[in-house]
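Student: Listed here are the chains, written in short residue letters.
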Amino acid sequence: MTQLQERVLRPSLLKAVADPILQRQWMDTAVPVMVLVAVSIALAATIPDYFGAANVQQILRGFAPPAFVAIAMGWVIFAGGIDLSVGAVFAVANFVALMTYGVLALPFWAALGIVLLVGATIGAANGLLIAYVKTRPFLTTIVMLIILRACYEKLVAAYTSDIANVNMEGAVWDALGGGRFAGIPVSFLCLLVCGVLAHLYITRCRGGMHMMAVGSSRKAARHAGISVPQVIFKAYVVSAVLASIAGFLYAARQNSVGSGTGLNWEINALSAVVLGGNSLAGGRGSIARTLIGALTIFLLVNGLVQIGVHGSLTSTLVGGILLCAVGFNVQWVKHRSQRARQRAKPVADLLPAPDAG
Amino acid sequence: MGINLSKRLPAIAAGAALSILAGSAMTLAANITRDTSRQAFDTAISGKKVAWVPLWMGVLESEWTGIMKDQFGQYGISLVTRDPNFNNDAQLQAVSQLIDEKPDVLIVQNNSTTLLAKELKRASDAGIYVVQMNMASNYVGDAYVGVDYTQAGHQVADELIKQCGGGKTSGEVALILGEATAAPSIEGLKAITDGLKKDPTVKIVSSQPGDWDANKANQIATTVLQQYPKLCAIHGFWGPMAAGAAQAVKNAGRQGDVKVFAISDGQMGDCDLVEQGLFTKALSNRADVQGITLVNAVLSLLQGKDKPGDKHLFYFTNNYWIESAKDRGYCYKVDKAK
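So the protein sequences, as listed, match chains A and L.
Take 1 as the starting number for the first sequence in the working numbering and just add one per residue.
Take 1 as the starting number for the second sequence in the working numbering and just add one per residue.
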């Protein structure tokens, strides 16, 4: 075989082997899982006992709040929107939890109810504007982010000493923050339960299917008789409620407010959604893949800090890896749609030509 | 004679007992030689592990870290550091994971009085000495090393009264705190407020958190200068952050007119700003001295017989006003070799 022949044949051989595999539906999940496994192997090889029982417990305990925020972001993206206010909702929920449970000493369930109500109200405001007033999701939620962040900073400045000096304790509160059940952190169990429920809702319930249909194609969903504004409205409310659950868990774990609380969490959440291989255009994705993406980012940051890498380098490395992931995601989606079009071509050829008359 | 003897018997017995005690003490003292005590020191500290979690690895934290590396290295103490880069979540995770690694001493710099409180208690319960560096938590550990913010606050208040009080100016002062929930902000604000009660003509017109960030301090100062055209002074709770406020004063063309004060860790940049007239005065707490004090606190804990949580020691460091080039000695040079 000549060199020229080798050069020509090798790519086509590769294509012949790789294409059928890459076209499989499960590859959507396999790629993020492979990235997660690669990150995990690298950390396990670098840090002694990284996946030891004690460290895994710490990882799972810290993972629940960012994972909830990632699901919150994924939820509206599935519906074809975007919610950049999830980090700010999370911060406000954290503050409200500490104020109601800690400073005002309300019962646990009352505090939780108030936090979820605050979250739902913010989500409803986003939903009303985007679904019914037809404002742009990107601009609407970024404005909401600015407003909430400003409110948060004012409130924190006003009530700092109250929160800083209160001793928050209680059986359920402590269990949520640092407790374990069968060796698994309670906050992670909450995440598992909510994650499974969210997955079942998306895949098995009419409401979830409607949401994915709206995310896929609003026009088609409308033609199918789905109330698009209602679906979008609900998606924003649920998203904000999920972000406020994250805020409550965070409050129980950390008992503190700070200027950095929730700052840029929307970016990490967005990255988790992308890294999980979910489509930013909506209609395609899953809770499991979002969680895989979130866990990859969480482990990266956690691992780099534990290795003792300089903080600024950690941010740069994570940013670089995310950039690669976003680039890969775009190329992946592009490749799949090209192949899909190629496969569809012969069928299209069989169809009668459009009637010119 | 017999009566006298019986009367004196208890005294004689007591004297004899004392002599025996003194004798045995001398025997003990004789047994402790410089060699044996040195061996005891080596046994107590050699192979020990110290874990250190600052807010981030800035100039100040690098100074402390450099001194610790240098000193601990000589004694065979290993130092493990984690840099959370001002990320509270990362700091909490780092501390949680370090506790599971069971170091002998855990040193933390708390950006919030509440954030690490539960974990520090867990560390203490797990038999780890907890040392808090310059920024305290609500959980009182085995040792606190650093600034007495109450004392520093009163020193600042006295200076503000001297410069702005007595009715000779508007008496308006603005404070730019660090992170709102950090102990220096809470304790410092309280001390300044209390200290200013000595002169009712001086009033705090603005008190906002600058989050240790020069850009934020710059924005706050710019707004405050517009809101209060007769402002007498701005005080920043940390030098590098207050530099942003000083720049805002300069940009507004009010350098010299509005006094700028700062609590400084003694970075050379703060001395430069004083000499350039951007800072009116800076109160240095000398990070280089703090670093040595921190090392000594750790050595004391490791050599002592107290269990973690038994004692709560304070190692306050002194503050010195930097007013001109002659005070350059209160600033430290960054040793690149560390």
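No lab work stands behind these hints: they were computed from the structure.
Any given hint could be a false lead.
[As the list claims (entries may be wrong)] With a straight-line Cα cutoff of 25 Å, these simulated BS3-like cross-link-like pairs (lysine-lysine) come out:
#	chain 1	residue 1	chain 2	residue 2
1	L	Lys203	A	Lys154
2	L	Lys168	L	Lys121
3	L	Lys216	A	Lys154
4	A	Lys219	A	Lys134
5	L	Lys168	A	Lys154
Student: Any hints this thing doesn't respect? Which numbers, in order?
Tutor: 2, 5
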